[in-house]
Structures are given as structure tokens and as C-alpha cells.
Amino acid sequence: MKTPDVTATLGDGKLQLAIYSATARLADRRREVVSLEAMPDYQQLRQHAHDIKKHTLDHLDYYLEQLERNIEARGGKVIWAKDGAEACAFIQKLARERGVKVIVKSKSMTTEEIHLNEHLEAGGIEAVETDLGEYILQLSGEKPFHIIAPALHKTIGDVSNIFERHLHSQPETSPEALTKIARIALREKFLEAGMGITGANFLVADSGAIVLVENEGNARLSSTAPKIHVAVSGIEKIIPRAQDLAVFLKLLARSATGQPLSVYTSFLAAVPGEFYLVLLDNGRTRLLADESKRQSLYCIRCGACLNNCPVYRKIGGYNYPWVYSGPIGKILTPQFMGIEHDPWLPFASSLCGACGEVCPVKIEIPRILLELRSNKVSSSPDNVELWSFKVWAWVMKHPKIYAKLASAALAAAPTDKDSFFAVGPLKNWLSQRDLPVPPAKSFRELWKKRSK
Amino acid sequence: MVRVSLFVTCVVDQVFPNVGIAMADVLGRAGCEVEFREAQTCCGQPAFNSGYRDEARTVAEHFLKTFEGAENIVVASGSCCSMISHHFAELLPGDHRVHDLEPRVWEFSQFLTNVLKVEDVGATFEGLVTYHDSCHALRELKIKDGPRKLLQNVRGLRLVEMEPAEECCGFGGTFSVKFPEISGGMARTKIEAIERTGAATVVSVDSSCLMQLQGALSRSGSKIGTMHLAEVLASK
Numbered sequence: 001m002k003t004p005d006v007t008a009t010l011g012d013g014k015l016q017l018a019i020y021s022a023t024a025r026l027a028d029r030r031r032e033v034v035s036l037e038a039m040p041d042y043q044q045l046r047q048h049a050h051d052i053k054k055h056t057l058d059h060l061d062y063y064l065e066q067l068e069r070n071i072e073a074r075g076g077k078v079i080w081a082k083d084g085a086e087a088c089a090f091i092q093k094l095a096r097e098r099g100v101k102v103i104v105k106s107k108s109m110t111t112e113e114i115h116l117n118e119h120l121e122a123g124g125i126e127a128v129e130t131d132l133g134e135y136i137l138q139l140s141g142e143k144p145f146h147i148i149a150p151a152l153h154k155t156i157g158d159v160s161n162i163f164e165r166h167l168h169s170q171p172e173t174s175p176e177a178l179t180k181i182a183r184i185a186l187r188e189k190f191l192e193a194g195m196g197i198t199g200a201n202f203l204v205a206d207s208g209a210i211v212l213v214e215n216e217g218n219a220r221l222s223s224t225a226p227k228i229h230v231a232v233s234g235i236e237k238i239i240p241r242a243q244d245l246a247v248f249l250k251l252l253a254r255s256a257t258g259q260p261l262s263v264y265t266s267f268l269a270a271v272p273g274e275f276y277l278v279l280l281d282n283g284r285t286r287l288l289a290d291e292s293k294r295q296s297l298y299c300i301r302c303g304a305c306l307n308n309c310p311v312y313r314k315i316g317g318y319n320y321p322w323v324y325s326g327p328i329g330k331i332l333t334p335q336f337m338g339i340e341h342d343p344w345l346p347f348a349s350s351l352c353g354a355c356g357e358v359c360p361v362k363i364e365i366p367r368i369l370l371e372l373r374s375n376k377v378s379s380s381p382d383n384v385e386l387w388s389f390k391v392w393a394w395v396m397k398h399p400k401i402y403a404k405l406a407s408a409a410l411a412a413a414p415t416d417k418d419s420f421f422a423v424g425p426l427k428n429w430l431s432q433r434d435l436p437v438p439p440a441k442s443f444r445e446l447w448k449k450r451s452k
Numbered sequence: 001m002v003r004v005s006l007f008v009t010c011v012v013d014q015v016f017p018n019v020g021i022a023m024a025d026v027l028g029r030a031g032c033e034v035e036f037r038e039a040q041t042c043c044g045q046p047a048f049n050s051g052y053r054d055e056a057r058t059v060a061e062h063f064l065k066t067f068e069g070a071e072n073i074v075v076a077s078g079s080c081c082s083m084i085s086h087h088f089a090e091l092l093p094g095d096h097r098v099h100d101l102e103p104r105v106w107e108f109s110q111f112l113t114n115v116l117k118v119e120d121v122g123a124t125f126e127g128l129v130t131y132h133d134s135c136h137a138l139r140e141l142k143i144k145d146g147p148r149k150l151l152q153n154v155r156g157l158r159l160v161e162m163e164p165a166e167e168c169c170g171f172g173g174t175f176s177v178k179f180p181e182i183s184g185g186m187a188r189t190k191i192e193a194i195e196r197t198g199a200a201t202v203v204s205v206d207s208s209c210l211m212q213l214q215g216a217l218s219r220s221g222s223k224i225g226t227m228h229l230a231e232v233l234a235s236k
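Chains as they are written, first to last, in this note's numbering: chain A, 1 to 452; chain B, 1 to 236.
Rather than coming from a laboratory, the hints here were simulated on the basis of the structure. C-beta: ideal position from N, C-alpha, C; glycine also. Take every hint as true, because none was put in to throw you off.
In silico DSBU-like cross-links for lysine-lysine, where the CA-CA straight-line distance does not exceed 35 Å:
id, chain 1, residue 1, chain 2, residue 2
1, B, Lys142, A, Lys390
2, B, Lys144, A, Lys54
3, B, Lys236, A, Lys404
4, B, Lys144, A, Lys362
Here are the computed distance ranges between Cβ atoms for each label pair:
id, chain 1, residue 1, chain 2, residue 2, range
5, B, Arg97, A, Trp394, 16 to 26 Å
6, A, Pro425, B, His96, 31 to 41 Å
7, B, Glu71, A, Leu261, 45 to 55 Å
8, B, Val115, A, Arg286, 39 to 49 Å
9, A, Arg241, B, His96, 37 to 47 Å
10, B, Lys65, A, Met337, 39 to 49 Å
11, A, Glu37, B, Glu102, 31 to 41 Å
12, A, Asp5, B, Ser222, 20 to 30 Å
13, A, Ala177, B, Ala89, 51 to 61 Å
14, B, Pro103, A, Tyr62, 39 to 49 Å
15, A, Val33, B, Glu192, 22 to 32 Å
16, A, Lys14, B, Gly127, 31 to 41 Å
Looking at chain A on its own, in the form it has when it is part of the complex (with noise of 0.2 Å):
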């Protein structure tokens, strides 16, 4: 199984410290608020969160109908999209109509996932991101490193550096100073669009609301300051109830930042301008087909577990496939593409189940995993693989001859990493420690002699 090669990544001490000091900073102030004595509530909360988004897609069909009703009530429309190619091929449509040349947009990983700002460019329109770390990598011709935080690997250095060359500011060695340069250059956009393009956090039934989370204010403007209003949302963001916002929103900001609420939260029903809502299957449905892997649907894109994965803390979000990074993507992204598209993406954890323990919907990123192996397994197995664990389990079945086995096997094992004998999965392991000194007797024999 061809692996990706993460030397590069694993190498730049710069980039290393840059990952590790912003995901223990968010991972510290998530624990510190989730505690038992800051919220004595937090498991029965994502307990509850969990049953309802489990009820929700349960019941999906039901949901999106309602939702439907209720925004178009609302003098809003919803655009079914079942791919990445309609919802853009939509919204560059309706820009076109109504001779819209500038798009403001705030952070959205859904239009990430449809490629959406290259269709706008290709057609013509010039689709401004306005979040900070969006704005930067935008201008740097990057993708998002982090679900929440998308610039996580760039230093205050590397931001003055950007900005220097793209909008020919002065260097500055302040985040102030630095928001500030950005600030001027985006408010003219703001003013200059004729759409914003927004994702959702929340899609509410029974209101007909959508609801965003954010910190910085662009994606109120965003939804606001334009005259058309496009929100573009996985079918899988709804939840029934405006009140069951009780319970994702004090999960959502925590799990995320550590913030108790984000800056801004804003709940968006009454339409004064045009509002779309364009609702994206891309995938969706096939998860949702799969009762044992639907859960992967329940996520509410906080990041916690890219934080908290020592995977991810190694090897940042450009060795991942697919816009989606860390635990989340690694179920994520081979159920949309196929096991085929990554192979080895599922295997790339050591299992340690942070994911999972840190998840505010309680997905069951491990087992998932694991589940995701097996499926790989059956679907294309590596024969000599395969052929060693049969041998393996026969070995394993027989205790006399495993016995004989093991201990002939650990003896004639090379030590010396740069022994000629040192091969495949031992040179891996030699590659990086020592092995231990094989033992002149293993417990059974020690044992014996012990009983005696």
C-alpha cells in the first residue's frame, strides 16, 4: 500500500512548532471549559446532541421538507443540488442573471468541497474570501490547513509577508496591525459585491432559519451587506427545533475554541433581500444509505479532533486528500470518494481514540476506522498481507508450534538497522527505535520451570 510521503511535513521544525503550539492552544482551552466543574452537564449534552442528529438523519426526508416549506414562506428558495457541478453551475447562473461581478464570502468547507471559487473565476466573477485566514491563504493561492482554523500553519512573518506582496502593504509584526491592512481591503468589497455567499452551521426546521457561528463578523456582513444572499449547505446541517440550538450551540464554540459562544451567532429567517439556500447531497445520501457509517453525517465541524489527534499534530492538512482533514476526514473522505480514491488513509492511526473521547456529537471515529480497514480489506487485499495473517491465525491456533515459531523468529531477528537482513516491516520499526533484547526464555518456558 502506497503511503504519502510526510518527511517534508515532519522535517520543517517551523511548521512543526506552528502546528503543535495553535492545536494545544485549542485543545487546552477546550478541555478547560468542558470540565467536569465548568460544565458538570457535558456528557449528557453530547448525549443528547448525538440522539438528536441520530433522530434527524433518521428521519431526514421529513426535515428537509419542512425546512423547504418554511424558508419559502419566508420568501427564500431552496435549490436542490445533487452535486458539486449543479450547486456552482446555480449560483454562477443567478451571478450572471443579475450582472453580480463581485461575491463576497464568508468561511464555508462545503463550498471548499465543491470547488466553488474556481467555477466562479472561471466564469468571470471574482469571489472575495473575507475571513481572516481564508483571505490570507486566498491570496497566497493555499487551501484551508484546519477545518476552523484555516491558516493555523501561517506565522504573524508569513502573513506580513503575504500581504506585502499581494496588497503591497508595509511589513508588520502585530495580528492588529495586520487584521487591520485586511480590513480596509476587504470593507471595499463588502461594498463593492453584489452577492454573499455564505455556508451554515445550523439549518433549523421548524423555523426556516439558518444559523452562523462565527468570530469575526465578515459572515453577518457577508449574508447582509449584498443584495442576494446564497447560503450553500450539506443536507446533513439541518436539526428540527430552534431549541435544540440549545444544545449544539454550547457544544459548538466550546468544542471548537473554547469559547462559550462565538463572537457572532447569527440566526437568519426573515429575508429582506433575495435569499437562496442551496442544498448539497455531493455524497451524502450514500453515507446516509450505510446504518452502521451514517453517524460520519452527525459532525458539526468544530475541529476538536484534528486538535487532539497526535496524527494530525504531525502531519498538518496538506497530507490529507480532501478538503476534510484529521480523524474526521479520514472517515469522511473515503466514504464520498470511494475506499479506492486513498487506500491507506484509514490506516494512517495508531487507534489511540482521542477523536472520539474530544467528538461534541459523539461519532465513533475509531470504529468507524476500523470498519473502513476491514471494508479495504475485502474490497482489495495485499496478497502478501493477506497471506500473512492467514498463516498468521493458523500459527496462532497451534500453541506448540507458535511457541517454536516465535521464539526462532525473535532470536534470528537483526537488532542493527543497517543489517542486510533488516527488511519491510522490520527495517520500518528499525527505521526509527531500537528493538528489545530478545529474552533467553519466553514466560511458558520460564513457567514450566517455575511449576516444577
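Chain A is fixed; fit chain B onto it per the hints.
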């Protein structure tokens, strides 16, 4: 008298036999009648975690046959214990033998603190020690305070916490050889946390985590040693 059947695991049997002996000593001193069933081999976890469920099932079946009728099965590893008590049910859904087995399988420290209600085994061990929470013991078996209490009651031993304590050592079974650079990087990060404590020994309830840590410590030229909890508790 409490009857105990040891499951020492394949790693302890072949690589760290003294851990099994130490476990038998501690349990013996605590008044248990200890047996070792020679037909035992592995719990099947390497195949299960690699996606080979049929092969894992073969080994799980062998385990069930081997330990038929055992009153208490005490396991030298949190991870293998969890494989048996949590994951056998996924391999053999609805199998009554698995259902009957679950309440009789204990990780070593868990058996001492929860069943025998022992927190002081009368051991003596001089030195500064830090405890590594192995992931499956911590997150699947909820073992956190037990080993610490046992260590704190050892004469001469001073327990110091590493920060962060709950981050994986990077072993992860076949992960360690499928993704050696990531696994090695995780081990080195863990070692930095261990070194910051100033401890001379790192203790865990899982020999495979210790194999990873010991290997990485030795590669880095560190003098810090690794010991299974049972070895510390058997020290006099």
C-alpha cells in the same frame, strides 16, 4: 481463594517474560491461586486492527476455547484486554461465550483495585517514576486512577505526572511499521514529555507501548528506563 488465569499476551510471552512472572508474583502475594493455560497465544488484535476480521475471528475462537471455564482472566495489557472485552463482540455478534466472558476479563491493575480491592501491594521501589496512560486502557477501559494509586503506595517511589499524559506514544500496532515516520515522531514527542519530568523510569500497563518508548529512548541515547506496572509492584 480467588482463582486467576493469566493471559500474558504474545508480546509478554515472547519479548518481556519477566512481566508475566512479576504479575504472577504480585497476584500470588495478594492471595490468588494463579494458573497459566499453555494453549494461549494471542488475542487477535493485530489482524482485527489491520482489517482482517476472518483471521482475527479464528484467533478469538482459539482464545475462547483456551479460557473456557476460567473464573477470572487477568491480562498483562490494557489493549489486549479491551480487544477481548470490547471487540470480540464485534467479531462474534450474539455469541453467548463472548457475553459470558466479558465480566470475567480484567486488566492487571484493574483486577487489583476493583476485584481484590488492593491499593498497596507491599512493594518497595526507590526512585522517581512517571506513568504513561496507554490509550486503550485509558479510553476503552477507563483506567486512570488505579495504577497511580498502586504506584503511590510503593515504598520509596515518587510519582510525577508528565504533561501531557494522555497523548499516544505512537505505537498503534501495525501503524508503527506502516507509517514509521509518523509513529516515530509521536514517540519522540512523548519522550520529550517524559524527559521534562526528570523521572528515571516510565511505567505503563501495556508492554507494547513500552516497547515503542524503550526503543525510541534507547535510539535517542536516553538513560530513562521502562517498566511494566507489574514489575514495579513485584519489587521488594
